[in-house]
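The chain contents come next:
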Amino acid sequence: SQTIHQWPATLVQPVGSPLSLECTVEGTSNPNLYWYRQAAGRGLQLLFYSVGIGQISSEVPQNLSASRPQDRQFILSSKKLLLSDSGFYLCAWTRNSGETQYFGPGTRLLVL
Amino acid sequence: AQSVTQLDSQVPVFEEAPVELRCNYSSSVSVYLFWYVQYPNQGLQLLLKYLSGSTLVKGINGFEAEFNKSQTSFHLRKPSVHISDTAEYFCAVSHQAGTALIFGKGTTLSVSS
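Those sequence lines, one after another, are chains A and B.
Sequential numbering from 4 applies to the first sequence in the numbering used here.
Sequential numbering from 618 applies to the second sequence in the numbering used here.
Bound conformation, chain B alone:
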């Protein structure tokens, strides 16, 4: 069975600092990997996704993530965060197109000045 572990429930950082949000998954088959962002009282917005090809994927708002098959990880990074990046971030996995996603429990990123 697939599962997703987001290793940090909360990550506080200062503005303009770099940040990494960690995500590990378990699956016995090939997977598709996603990061979503959720601002308060809103739905989820897709940040980026890995389907195949280059293991480094770039998304919106300056975020990027690297797929590491040997470590079964898909960590999200941003070199310099802004106050507006404060939100909850979800990592998700699926193994087949058109099927439901398995989500991690989320990481709350808090950016302060």
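So that you can see chain A by itself, here it is in the shape it has in the complex:
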């Protein structure tokens, strides 16, 4: 069966510090991968998605970036965090031609 992992689970970072969140999927190959951000009362916002290694599409211009160094690894990064980057970050995957997204447990980020 397939599983999706995210770490860390919780992170508290000062404004201006760098960020690296990791997401990995097990039990499947060549998945589509997604990063979402969930801010309080605002639902889920798609940040990035990837259909393959090194292929990243950005949905929202911001100070975040994403990378996919391996087939089942998706990384969300920032060089300098802003207060507005606080939120709950969710990674998800689908089969390459699949309709259903499966979500990881999330990372709660608090920027102070």
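If you're looking for bench data, these hints aren't it; they were derived computationally from the structure.
Quick caveat: nothing in here was measured; it's all calculated off a predicted structure.
There are no misleading hints in this set.
Examples of chain A residues toward chain B, derived with CB under 8 Å:
1. G46
2. L93
3. T97
4. N99
5. S100
6. G101
7. T103
8. F106
9. R111
Listed next, with one range per pair, are the computed distances between beta-carbon atoms:
10. B/T672 to A/L85: 41 to 47 Å
11. B/F631 to A/V15: 34 to 40 Å
12. A/Q65 to B/Q662: 25 to 31 Å
13. A/S61 to B/S671: 35 to 41 Å
From the three backbone atoms N, C-alpha and C, an ideal C-beta is built for every residue, glycine too.
Position chain B against the provided structure of chain A, taking the given hints into account.
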């Protein structure tokens, strides 16, 4: 462009009462529809989905939803809720396999005794 509207931000109900969480979508093409549940500080868990075929779909935990193309709706229902159903519920839509989902803003279901 696609969009999803969840008409109620909060729905308080008593235990064992029926509940309906409303979802409307806008799209000019055929869609896939989903309901997810999120318990506090957890990721999203798939409740049910409509891809094609029967318009009444059944999911986990006793939930069901009905796809109504003419009303562009996909309302979620449960005939008798439990305290453990307290969570946030998200409706989502996509128009093509492998593409990102468009989510509604969520409905908080609060079940009390």
